[in-house]
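Peer 1: Residue strings, one per chain:
2 protein chains.
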Amino acid sequence: MANTDCLSVRVFSLNCWGIRYLSKHCPQRYHMIGEMLRKEEHDIVLLQEVWSEKDYLCLKKELATSHPYSHYFKSGVIGSGLAIFSKHRIHDTFLYRYSLNGYPYMAHHGDWFGGKAVGMVVLNLGSLTANVYVTHLHAEYSRDKDSYLPHRVVQAWELQQFIRHTSAGADVVILGGDLNMHPQDLGNRLLMSYTGLRDSYVETAKFDGCEDGMTLIAENPFISKKELVPFEKGIRIDYILFKGSSSTEIHCGFMSTTKGSVPDHPFPYSDHEALTAELTLKSNIPEEAGSNRQSKTWDSAPGRVAELVDILTEARTEVKVGLHCAERMRYTAARTGVMGLALLFLELAIAAVPWLALGAEQPFPRTSFYLLAALCFAILLITFLLYIFYTMELKSLQGAEDQMRLAVGSLQEKLRGFPVAQPHNAPQRPPGGHKPSALDPEE
Amino acid sequence: MANTDCLSVRVFSLNCWGIRYLSKHCPQRYHMIGEMLRKEEHDIVLLQEVWSEKDYLCLKKELATSHPYSHYFKSGVIGSGLAIFSKHRIHDTFLYRYSLNGYPYMAHHGDWFGGKAVGMVVLNLGSLTANVYVTHLHAEYSRDKDSYLPHRVVQAWELQQFIRHTSAGADVVILGGDLNMHPQDLGNRLLMSYTGLRDSYVETAKFDGCEDGMTLIAENPFISKKELVPFEKGIRIDYILFKGSSSTEIHCGFMSTTKGSVPDHPFPYSDHEALTAELTLKSNIPEEAGSNRQSKTWDSAPGRVAELVDILTEARTEVKVGLHCAERMRYTAARTGVMGLALLFLELAIAAVPWLALGAEQPFPRTSFYLLAALCFAILLITFLLYIFYTMELKSLQGAEDQMRLAVGSLQEKLRGFPVAQPHNAPQRPPGGHKPSALDPEE
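Those sequence lines, one after another, are chains A and B.
For reference, each letter of the first sequence is one residue, going 995 to 1437 in this note's numbering.
For reference, each letter of the second sequence is one residue, going 995 to 1437 in this note's numbering.
Honestly, the hints are just simulated from the structure, not real lab data.
Check before you lean on any hint, since a few could be wrong.
Note: identical chains are not told apart, hence a pair may lie in one copy or across any two.
Using 30 Å as the maximum straight-line C-alpha spacing, the simulated DSBU-like pairs for lysine-lysine come out as follows [unchecked claim]:
id, residue 1, residue 2
1, K1139, K1314
2, K1314, K1033
3, K1081, K1276
4, K1219, K1237
5, K1408, K1139
6, K1237, K1253
7, K1408, K1237
8, K1220, K1139
9, K1314, K1018
10, K1276, K1237
11, K1220, K1033
Chain A extracted, bound-state conformation (with noise of 0.2 Å):
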């Protein structure tokens, strides 16, 4: 793309509340959110609540042409259920795990187990630099008695620090997400006074969207109005914020919401009500001043870059050992789980013919009986926190190694001294014999 004075950016962001085989209808709705996502061609695409990675692997997939790049953020036990998709090429990526994020007991929760994190994406419009973050805070269950309140005062906290201490070399600065507060909340204003973010809802020249700028309304039939008590027509808590830089204007034209349904469809994309913003960025920079800047951040000498990329495939290694070694220990804490279960209902079968079949004669060995059981609860509850253990383990590596691996695509491409106009295509091996650049996690 040339270097413009002008440049309009479509930025996206919708909680997909995509929790497999719980969430209603959700193989139909991310089919549609697809389908949209495809026909629409947003500049970025920030999802939140993709939890399950297959679902994500299928919208890339479906988005290979009208967004040929993307990242999925892995984090906790289950993921961080953050994605990204976009029509430029992501140079890199990071991602930041909130350190705190509930209590693994409240699992009807959900949140801690989600391992709630920001990532970060760092992707050039034009000749700009930007960072787009995309990120989902802490849920709010209750607003009388919100126990989680230090909780997510914490995360936007966290929040702010992350994108203020990160994004001093960036020209814009994107985030979209579900930030679970109310536009006036604590943590909101602790987020907004600290980074100068500006929140598109207010920004905008024109609005076309539920009112007050809600995403979660009364209307949306997978909202049930207990939730929303005490604000009967609905609450704002998903945003799309932005800000630009010394060098670089931003401003928002247009901004959209969904209305609680899709035209054509039996019901809407998601419990949240999806964001639409249009930025105009009008930068400062002279091209050769852009590149220059560019130059700065990629050490741009082919040796040292055939050098970085020796050492990432090297690391890339390491991590896929500590995988396999991952791997292994889970499955033997799987299994050793499955048997001390096994052992308990053989236990349990043995128990049930004395007792149904025969009298007092013959005495029940309950002694034995009682601390067999003890063992196999033992068994279970120690192979399970083993096995959530290492959940969060493999997760880590994965992110590392997905990280690791775009980090190599995009050296690599500048070590060949062209763009790739399509990362799906087959991988092409570099002169050193490394693995292809391919951004496939399938790799």
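Go by the hints and put chain B onto chain A.
Peer 2: Only chain B this time, still in chain A's reference frame:
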């Protein structure tokens, strides 16, 4: 401090080996370290393995005049062990916890409980903005069979990501710490190549210290020769790394390490050798541009600063509510655990009576005995896990609160429009009646 074209900065780094009651001569060594730091007056002191906050607070008291600014990074169950002391005001802090850090059941290795991380502080050296990082990576317990290698490689990967993404706005980047990697190890190459950081030992014009810059040496009386196999003389695993920017040149004029003993003292400061690097900074930024850049990151309108102080004060209150809540929960977990233990002992005492004194005429209630014992063990296990979890929550909340207090202090100083010479002075109440800005964690 006035803007100078040439600036000399002395950086110190030491792994303090500060495990209370376990590390040899711990209090005496801390006393020696404090004395030396007060005398030497390095600009920046980077400490690792300060496992106890009490030891940090003692050091802070001892260094109150020589190093009025400091920060202790909290993380994990025990803490990250990372502390920074500085002669220059710390404007901002940020902590990144590595996603992988060993295994909780490898308790004798202890790394998981430490919550290894990289801490960052932003400070001004003259008119320059310096990002200073301190870190401690996972230990290598066996060179041949290093089962933690994937974890350490991922830590090095995350470390380079963190430094690269957070340092775009900095004129100078300094990293010190115990990387637990040899100079040519994969993680080290990954870190150095990607970030462009330079090794002060390699770059220094003049060196005085151990052969090959080693920091874990056989001559150190706290080191067992077995640990070093197959490296008879020692290894180099502690580093001070640095880089400048397009506007700032940096070079290392002198570097030194301790040599396994301290003159006039019976033993060395630690099992690691201490590093000192004298860096010379040469800035190409005119004074005006420098102050301009400053105001870019710190929005200086008094109204906005006051608003930020208000929001931060509110946020601190929320976090404190969370702190009290987590403390209460942890206390409950501990009390329940103690009750479980007491119940177990009581049961054992009761059981001992019939076994010892009575014969077979009074049958021993085995079933109840084993059921009760199983219950006790379940209580102990669950309360132990909860205790660990709440401790981690507390550490995170305390960490956020510390950072917020520091931020409020920095903002209030800005608001008052004059620098505070002594942050240990009696707290000065700002107009709004907010919490004082003193940096003491006792507050």
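Peer 1: Using 30 Å as the alpha-carbon threshold, which applies to K1408 and K1139: within, between, both, or neither?
Peer 2: neither (53 Å within a copy, 36 Å between copies)
Peer 1: Given identical chains, is K1276 near K1237, meaning Cα to Cα at most 30 Å, within a copy, between copies, both, or neither?
Peer 2: within (12 Å within a copy, 32 Å between copies)
Peer 1: Can you tell me if K1219 and K1237 fall within 30 Å by alpha carbon in one copy, between copies, both or neither?
Peer 2: neither (35 Å within a copy, 57 Å between copies)
Peer 1: Can you tell me if K1220 and K1033 fall within 30 Å by alpha carbon in one copy, between copies, both or neither?
Peer 2: neither (35 Å within a copy, 65 Å between copies)
Peer 1: Using 30 Å as the alpha carbon limit, work out where K1139 and K1314 are close: within a copy, between copies, both or neither.
Peer 2: Between. Shortest inter-copy distance 16 Å satisfies the 30 Å Cα cut-off; intra-copy 45 Å does not.
Peer 1: Given a CA cutoff of 30 Å, do K1314 and K1018 count as a within-copy pair, a between-copy pair, both, or neither?
Peer 2: Answer is neither: 36 Å inside a copy and 39 Å across each miss the 30 Å cutoff.
Peer 1: Since the copies are identical, ignore which copy is meant and state whether K1314 and K1033 lie within 30 Å (CA to CA) inside a copy, between copies, both or neither.
Peer 2: neither (37 Å within a copy, 48 Å between copies)
Peer 1: When Cα atoms must be at most 30 Å apart, do K1220 and K1139 count as within-copy, between-copy, both, or neither?
Peer 2: Within one copy, since 15 Å is at most 30 Å while 57 Å is not.
Peer 1: Evaluate K1408 and K1237 at a C-alpha cut-off of 30 Å and name the case that applies: within, between, both or neither.
Peer 2: Classified as both; 29 Å inside a copy, 24 Å across copies.
Peer 1: Taking 30 Å as the upper bound on the Cα-Cα distance, should K1237 and K1253 be classified as within, between, both, or neither?
Peer 2: within (26 Å within a copy, 52 Å between copies)
Peer 1: When no copy is named, should K1081 and K1276 be tagged within, between, both, or neither for a Cα gap of at most 30 Å?
Peer 2: within (19 Å within a copy, 42 Å between copies)
Checked against the numbered hints above, the structure violates hints 2, 4, 5, 9 and 11; every other hint is satisfied.
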